[in-house]
Amino acid sequence: MVGKMVDVDELLSFADTIVKKAVARGADEAEAFVSSDTTVECQIQGGILTTREGVDEGLGVRVVIGKSVGFASVSSLDEKQADEVISKALSLAKIAPEDPKFQQLPDPVKRGTRSGIFDETIMKVDSASLMEESAKIVQEAMQTDKRVSYVYGFSGLDYGTFGVVNSRGVGSGDKNTGIGAGIYLKAENNGEVKLGYELVVSREHRDFEGVGENLAKNVIGYLGSKPLESTFEGTVIFENKIVDELFSEFLGYSVSALAVQEKRSFFANKLGKQVASKDLTIHDDPQLHEGIKTIKCDHEGIDVLQKPIIKEGVLKNYLYTSYTAYIDNVESTGNAIRSGFQGLPRTAPINLTIRGNKNLEEMVSEVEKGVLIREYVMGLGHANIITGDFSIVAPTAFLIEKGEIKHSLNTITIAGNFFQTLKNIQAIGNDPILTQNGKIPTIAVKNLTISG
Amino acid sequence: MIVLELSELEEFVDLALGYGAKIGVPFIEVRLEDGSVGEIRLEKGEVKESKALRDIGLAVRVIYNGVSGFAFTTRLKKDSVEKVVEKAFQAAKVGDKITALRLPFADSEPVVDNPHIPPIKQHPKNVSFEDKKEMVMRAYESAKDYGKSVASIIVRYGEAYGAKIVANSEGTRVKWDPWTVEIVCMVISKEGEVLADAWDRHGGSIGLEIFEGHFSPEQLGENAAKWAAEKLVAKKVPAGRQRALADNKLTGVLAHESFGHQTEADLMISGAVVLKDRMGEKLGSENVTVVDEGVYEGDNADIYRGWWCPHDDEGVRAEKVVMLDKGVFSSSLNSRGTAKYMGSKPTGNARALDFRFEPIVRMRNTYFTPGDMSFEEALELLRDGIYAIDTFGGQANFDGNFMFKAMRGYLVRKGEIVEPLRDVAITGNILDFLKKVEGATRDFELHGGYFGGCGKGGQGPLFLADGGPKLLLGGDGVQFGGEM
Chain A
1 MVGKMVDVDE
11 LLSFADTIVK
21 KAVARGADEA
31 EAFVSSDTTV
41 ECQIQGGILT
51 TREGVDEGLG
61 VRVVIGKSVG
71 FASVSSLDEK
81 QADEVISKAL
91 SLAKIAPEDP
101 KFQQLPDPVK
111 RGTRSGIFDE
121 TIMKVDSASL
131 MEESAKIVQE
141 AMQTDKRVSY
151 VYGFSGLDYG
161 TFGVVNSRGV
171 GSGDKNTGIG
181 AGIYLKAENN
191 GEVKLGYELV
201 VSREHRDFEG
211 VGENLAKNVI
221 GYLGSKPLES
231 TFEGTVIFEN
241 KIVDELFSEF
251 LGYSVSALAV
261 QEKRSFFANK
271 LGKQVASKDL
281 TIHDDPQLHE
291 GIKTIKCDHE
301 GIDVLQKPII
311 KEGVLKNYLY
321 TSYTAYIDNV
331 ESTGNAIRSG
341 FQGLPRTAPI
351 NLTIRGNKNL
361 EEMVSEVEKG
371 VLIREYVMGL
381 GHANIITGDF
391 SIVAPTAFLI
401 EKGEIKHSLN
411 TITIAGNFFQ
421 TLKNIQAIGN
431 DPILTQNGKI
441 PTIAVKNLTI
451 SG
Chain B
1 MIVLELSELE
11 EFVDLALGYG
21 AKIGVPFIEV
31 RLEDGSVGEI
41 RLEKGEVKES
51 KALRDIGLAV
61 RVIYNGVSGF
71 AFTTRLKKDS
81 VEKVVEKAFQ
91 AAKVGDKITA
101 LRLPFADSEP
111 VVDNPHIPPI
121 KQHPKNVSFE
131 DKKEMVMRAY
141 ESAKDYGKSV
151 ASIIVRYGEA
161 YGAKIVANSE
171 GTRVKWDPWT
181 VEIVCMVISK
191 EGEVLADAWD
201 RHGGSIGLEI
211 FEGHFSPEQL
221 GENAAKWAAE
231 KLVAKKVPAG
241 RQRALADNKL
251 TGVLAHESFG
261 HQTEADLMIS
271 GAVVLKDRMG
281 EKLGSENVTV
291 VDEGVYEGDN
301 ADIYRGWWCP
311 HDDEGVRAEK
321 VVMLDKGVFS
331 SSLNSRGTAK
341 YMGSKPTGNA
351 RALDFRFEPI
361 VRMRNTYFTP
371 GDMSFEEALE
381 LLRDGIYAID
391 TFGGQANFDG
401 NFMFKAMRGY
411 LVRKGEIVEP
421 LRDVAITGNI
431 LDFLKKVEGA
441 TRDFELHGGY
451 FGGCGKGGQG
461 PLFLADGGPK
471 LLLGGDGVQF
481 GGEM
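Quick note, the sequences are listed as chains A and B, same order.
Residues 1 to 452, numbered by our numbering, are exactly what the first sequence covers, in order.
Residues 1 to 484, numbered by our numbering, are exactly what the second sequence covers, in order.
So here's chain A without its partners, still in its complex pose:
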C-alpha cells in the first residue's frame, strides 16, 4: 500500500467547525481533537505469520458548561456522526457535577517549537516488505545457534496526524512517522531455558539487520547458569532497556502534577529538594529530534517545553496539563497526552533523557559484588508506584565479583525501593538507547537486596 496522509490543516479545519458548532449549541467552551493514523504490522510467531493494516480515524469532543466537563468520541470523521458526538458531550456536561478545581480550557501557549523527524519513505513501505523484514529477523536468530528453540519476530510502522482546536484560540497539530522491529526468543539446552527480548524503534526508515543475530548470541550466552544460593546486599547494573522500564514507570507517575496535587506522589512537597544522587540529571526532552514521541505541541495544542525533571539530584519540575497548571497558577508544561481520539488528556513525560559517562566495562569493574541484568524482569509493572517498593524477579543475570563478570545465574530476585535507588546510583552509562519513552542509558545501583 502506498500511503496517503490526511494533512494537519485538513484536520484543523474540521476540528474548527466542530468547536464552533459546540459553542453555538450551548457550550461555554469547547475543544475538538481529531486524528488519523495508519498502521501496518507483521509478526511471525514460531512460524505462524500474521499481518494487520488499517486506518484509524476519529474525533474527541470536550465541552464545558460552567464548571462541568463532558467528553464524547467517535471513530469517524463523518459530519453526521460528529454532530451526534457534540450532542452527547453536551448532555454529559449538563448532568455532570461541577468540578470546582476546573478553571478553563487552555489559552494558546507558543514556544517556537518544531516537529520531530518526519520520513515520508515510511509511508511507502508495504506489508510485503515488513513480512520480509520480520522473516529476516527470525531467520537470523534461528541460524545463529541450534539451541535457539523459539523465535517471535515482528515489525511494524505507523504514520499519522492530529489536530486540536479549542474555543480560546488554540489551533495546532503535528504529524509523525515511525518504524520498529522486535524479537523475543528462547534458547534451550538440556532442560535449561533462557529468554531474551529486543525492541528497536525509529522515526526514520531503517533496516533491522543484526537485531535477530545479536539477541540470539546474547541469549545463548545466558545458558549454563548456576544458582546463586545466597542473599546479599550488593550492586545491580540494570542495562538500558530495563532502566527504561523502571524509570518510565515510577518517574512518569511521580512527577505528574496531578499525583502531586492529590498527594499520591512520593514527590509531593519535594520540589527543590535533593531526591537523587548528585550524578543524576533527567530531562523531559519533547524536542529531541530523533525522539519517538517528539512533538511540536501536546494533545491540548500547547507548545511543548524542554525542562529538567531532576537536575544534579534536585527535583526541578512537575509535569503539567492545563487542568493542573491552572490549579497551581503556572503555565502548562505541554505534557497533556491522549491515548488517541478516544482519550482525555493525561499527564505524561514525552521523552525522558538521562546522560552518563561510563561504559559498561568501567561500570562492571567498579562493582565489588553484584549482578548485571540484561534482560527483562518480572514484577516491575506491579511495584508499589506510590511508596516505590519493588520486588522483581530476574530470570537472567550475571554474577559480578571483584569487578569481573563471573557467570550466568539462575533466576534471582531483587528487592528495593525506587526512590532509595535514585539516591544510591553508583554510575550512569554512556550507552543511551532510543526507546518509546526517551533515550535511556545503563545505570548501576548500590545496596539492593539480591537473592536466589
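There could be a bad hint or two in this list.
As the list claims (entries may be wrong) - For the chain A half of the interface with chain B, some residues (derived, Cβ under 10 angstroms), not all of them:
| hint | residue |
| --- | --- |
| 1 | G60 |
| 2 | V74 |
| 3 | F102 |
Claimed, not checked - In silico lysine-lysine, PhoX-like type, Cα no more than 25 angstroms apart, as pairs:
| hint | chain 1 | residue 1 | chain 2 | residue 2 |
| --- | --- | --- | --- | --- |
| 4 | B | K48 | B | K148 |
| 5 | A | K80 | B | K22 |
| 6 | B | K44 | A | K270 |
| 7 | B | K190 | A | K94 |
| 8 | A | K136 | B | K456 |
| 9 | A | K263 | B | K144 |
| 10 | B | K236 | A | K423 |
| 11 | B | K226 | A | K263 |
| 12 | A | K263 | B | K235 |
| 13 | B | K97 | A | K80 |
| 14 | A | K241 | B | K456 |
| 15 | A | K124 | B | K83 |
| 16 | B | K44 | A | K263 |
| 17 | B | K78 | B | K190 |
| 18 | B | K133 | A | K94 |
| 19 | B | K97 | A | K136 |
| 20 | B | K190 | A | K263 |
| 21 | B | K175 | A | K124 |
| 22 | A | K446 | B | K236 |
| 23 | B | K93 | A | K136 |
| 24 | A | K67 | B | K48 |
| 25 | B | K83 | A | K175 |
| 26 | B | K125 | A | K80 |
| 27 | B | K78 | A | K263 |
| 28 | A | K270 | B | K190 |
| 29 | B | K44 | A | K101 |
| 30 | A | K94 | B | K44 |
| 31 | A | K124 | B | K97 |
| 32 | A | K80 | B | K77 |
| 33 | A | K263 | B | K148 |
| 34 | B | K77 | A | K101 |
| 35 | B | K93 | A | K124 |
| 36 | A | K101 | B | K48 |
| 37 | A | K101 | B | K190 |
Hints listed in this document are in silico derivations from the structure and should not be mistaken for laboratory results.
On a predicted model such as this, the values are computed, not experimentally measured, just so you know.
We treat Cβ as the ideally placed atom computed from N, Cα and C, and that holds for glycine.
Start from chain A and add chain B according to the hints.
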C-alpha cells in the same frame, strides 16, 4: 443516546463479502462492530471525568492457502471497504510466498445465530447517567466514612456494550450484543511515611441491579477503606516457602495467566509454551480441574456471569473446554486454524480485541472448579501459613514461571487468622504449583468486568473473566517475596 442501528451498517458486511467473491478471494470473513463505552471517574468526591465513546469499524480477514491477511478501517464507505478487502487479500497472497507454517481452517458448517442476552433487570444502556453517578458517589461516601487516615479515594464506573456481526463466505452470519460493567473503589491510606492501598471491585456481564445486593457501592467502598486501613499496621510477609490458601480472585488470575495461556493452541503450535507437547500428561494433583467456557451458567450466574461470550469472532459457538481434568492435561483452546493442525475441534476461542485486530486464540471465562471444603476447614488444613487475597496484578512467562502480587493477606497459625499482612508477592512455576494443590473450597466466584483484561499479542485489554474456589497449597509451600 447515540445509537445507530447496526442494521443500517449491515450493508457493508454484504458489500465486503460480495466484493471478495468478485475479486476471487477463496475465503473471506467480515466483522462489523458498533461499540459504546462509558466511564465515570471520581476522586476526592469530585467527578473528574465522565465520557462516552463510540467505536464503529469493519474488519476483513482473508485465508489463502492457510495463510491469513487482515485489514480494518473506521471509514465506512464503499471505496474504503473495497480497499480493505483488497489489502487483506494482497497480504495473504504475499504471506503465502514466505510463510513457514500454514493453518488451514477446520471444516465448519455455516453458523447462523442471533443469541439473546441472558435475562437481566437493568442493562446499562437503560440506566441514566445520573443513576450511575449516584452509585459512584455512594461508594465514595462509604469509603470516607469507614476509612482511616485516608489520603485518596478513587471510584470508577465503566461500561461497554454494543453489537457485533461476524459473517463469512461459507454462509456463517452471527449477531450478538456483548456487554460488561464494573465498579472499582480504591483507597490509599497514609500515616506518617507509611502508605497502604486496597481496592474492592465487582463487575461482569451482569445487570446493574446486582449492585443493590451484596455488591452494593457502600459495601465496595467500606471494604476498600477497611482493608487499606488494616494494611497501615500490617506486617510484611516473612520471606521464603510457606503453605498458603489462595482466595478466589487470586486463583482466578493463576488459572488464566499461569495455566490458561499454556493451553492456547497457537502458543503450543509455535512452541512458545512449556506444555507444547505434553497433552495427556498428569501435571497436577487430583484436586485441580481447570475450565474455560464461553457462557457460565452455573451457580450464581446472575452475579458471577463473568464475560458473556456465546460465539467467538470466527462465529464459532463457544464450547466448554476442560483443559485440566483432575490434574491431567486434557484439552487445548482452539481457533479454526489451530484446530485442524492440532487434530482437534474449534472451541470458540478465536477472539479479537476489536475490529482493529484479527482473532487469535484467547480465553473467555477461565477457572478452577470448586471442591468440597468450607473456608474454616481449609484454614484448619492449612494450619500454619499465609492466606493470600486478591491481586494487584502479576506476570507469567511462557516457561511457566510466574510472579503475582496479592493485594493483602493474613498470617494463619493453628488454623486461625492471626494478623494482617501487607503486599504479598508470590513466585513459582505453574507445573510445580499444580502439584501442590491439596484441596479446594466449595465457594465459587467468577470475576470480570470493564477494567483490566488480557493483553496477549498486543491486543489488550480484552474483556474476559477468571475465578475459582479458594485453593489450599501445601507440599513444601509456595515462595513468598521477602522484605521490600
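Results of checking the hints against the structure:
Hint status for G60/A: holds, given a least beta-carbon distance of 8 angstroms to chain B, under 10 angstroms. Among the interface hints, the one on V74/A holds; its C-beta lies about 5 angstroms from the nearest C-beta in chain B, closer than the 10 angstroms criterion. The beta carbon of F102/A is positioned within 10 angstroms of a beta carbon in chain B (closest approach about 9 angstroms), and the interface hint is therefore held. The suggested pairing of K48/B with K148/B holds, with an alpha-carbon distance near 23 angstroms, which does not exceed 25 angstroms.
With a C-alpha separation of about 31 angstroms, the suggested pair K80/A and K22/B falls outside the 25 angstroms cut-off, and the hint is violated. A threshold of 25 angstroms between alpha carbons decides the hint, and for K44/B with K270/A the separation of about 22 angstroms falls inside it, so the pair holds. Simply put, K190/B and K94/A have alpha-carbon atoms about 35 angstroms apart, too far for the 25 angstroms limit, and the pair is violated. With a C-alpha separation of about 24 angstroms, the suggested pair K136/A and K456/B falls inside the 25 angstroms cut-off, and the hint holds.
For the proposed pair K263/A and K144/B, the alpha carbon gap of about 16 angstroms is at most 25 angstroms, so the pair holds. Taking the CA atoms of K236/B and K423/A, the gap is near 24 angstroms; set against the 25 angstroms cutoff, the hint holds. At most 25 angstroms may separate the alpha-carbon atoms for a hinted pair to count; K226/B and K263/A meet this at roughly 20 angstroms. In summary, the hint linking K263/A to K235/B is supported, as the alpha carbons are separated by about 24 angstroms, within the 25 angstroms threshold.
A C-alpha spacing of about 43 angstroms is found between K97/B and K80/A, which places the hinted pair above 25 angstroms, so the restraint is violated. Using a Cα cut-off of 25 angstroms, the hinted pair K241/A and K456/B holds, with the two alpha carbons roughly 21 angstroms apart. Proposed proximity of K124/A and K83/B is supported: the alpha carbons are some 16 angstroms apart, at most 25 angstroms. Of the supplied pair hints, the one linking K44/B and K263/A holds, its CA atoms being roughly 11 angstroms apart against a limit of 25 angstroms.
Proximity of K78/B to K190/B is assessed by CA-CA distance (about 58 angstroms); at most 25 angstroms being required, the pair is judged violated. With a C-alpha separation of about 13 angstroms, the suggested pairing of K133/B with K94/A holds against the 25 angstroms cut-off. Between K97/B and K136/A, the direct Cα distance comes to roughly 14 angstroms. Compliance with the 25 angstroms bound is thereby established for this hinted pair. Only pairs whose Cα atoms come within 25 angstroms are accepted, and K190/B paired with K263/A is accepted, the gap being roughly 10 angstroms.
For the hint pairing K175/B with K124/A, the CA-to-CA distance comes to about 37 angstroms; that exceeds 25 angstroms, so the pair is violated. As the CA atoms of K446/A and K236/B are separated by approximately 23 angstroms, the hinted pair is consistent with the 25 angstroms bound. As the CA atoms of K93/B and K136/A are separated by approximately 18 angstroms, the hinted pair is consistent with the 25 angstroms bound. The straight-line distance between the Cα atoms of K67/A and K48/B is roughly 11 angstroms, inside the 25 angstroms bound, and the hint therefore holds.
Of the supplied pair hints, the one linking K83/B and K175/A holds, its CA atoms being roughly 24 angstroms apart against a limit of 25 angstroms. At most 25 angstroms may separate the alpha-carbon atoms for a hinted pair to count; K125/B and K80/A meet this at roughly 22 angstroms. With a C-alpha separation of about 52 angstroms, the suggested pairing of K78/B with K263/A is violated against the 25 angstroms cut-off. Taking the CA atoms of K270/A and K190/B, the gap is about 17 angstroms. The hint holds against a cut of 25 angstroms.
Pair hint K44/B plus K101/A holds up; C-alpha atoms about 11 angstroms apart against a cutoff of 25 angstroms. This hinted pair checks out: K94/A and K44/B have alpha carbons roughly 21 angstroms apart, not beyond 25 angstroms. Restraint check for K124/A and K97/B: the C-alpha separation of about 21 angstroms stays at or below 25 angstroms, so the hint holds. At most 25 angstroms may separate the alpha-carbon atoms for a hinted pair to count; K80/A and K77/B meet this at roughly 14 angstroms.
A hinted pair counts as satisfied when its Cα atoms are at most 25 angstroms apart, and K263/A with K148/B qualifies at roughly 16 angstroms. Simply put, K77/B and K101/A have alpha-carbon atoms about 43 angstroms apart, too far for the 25 angstroms limit, and the pair is violated. Between K93/B and K124/A, the direct Cα distance comes to roughly 19 angstroms. Compliance with the 25 angstroms bound is thereby established for this hinted pair. For the proposed pair K101/A and K48/B, the alpha carbon gap of about 10 angstroms is at most 25 angstroms, so the pair holds.
At roughly 23 angstroms between alpha-carbon atoms, K101/A and K190/B fall within 25 angstroms of each other, so this suggested pair holds.
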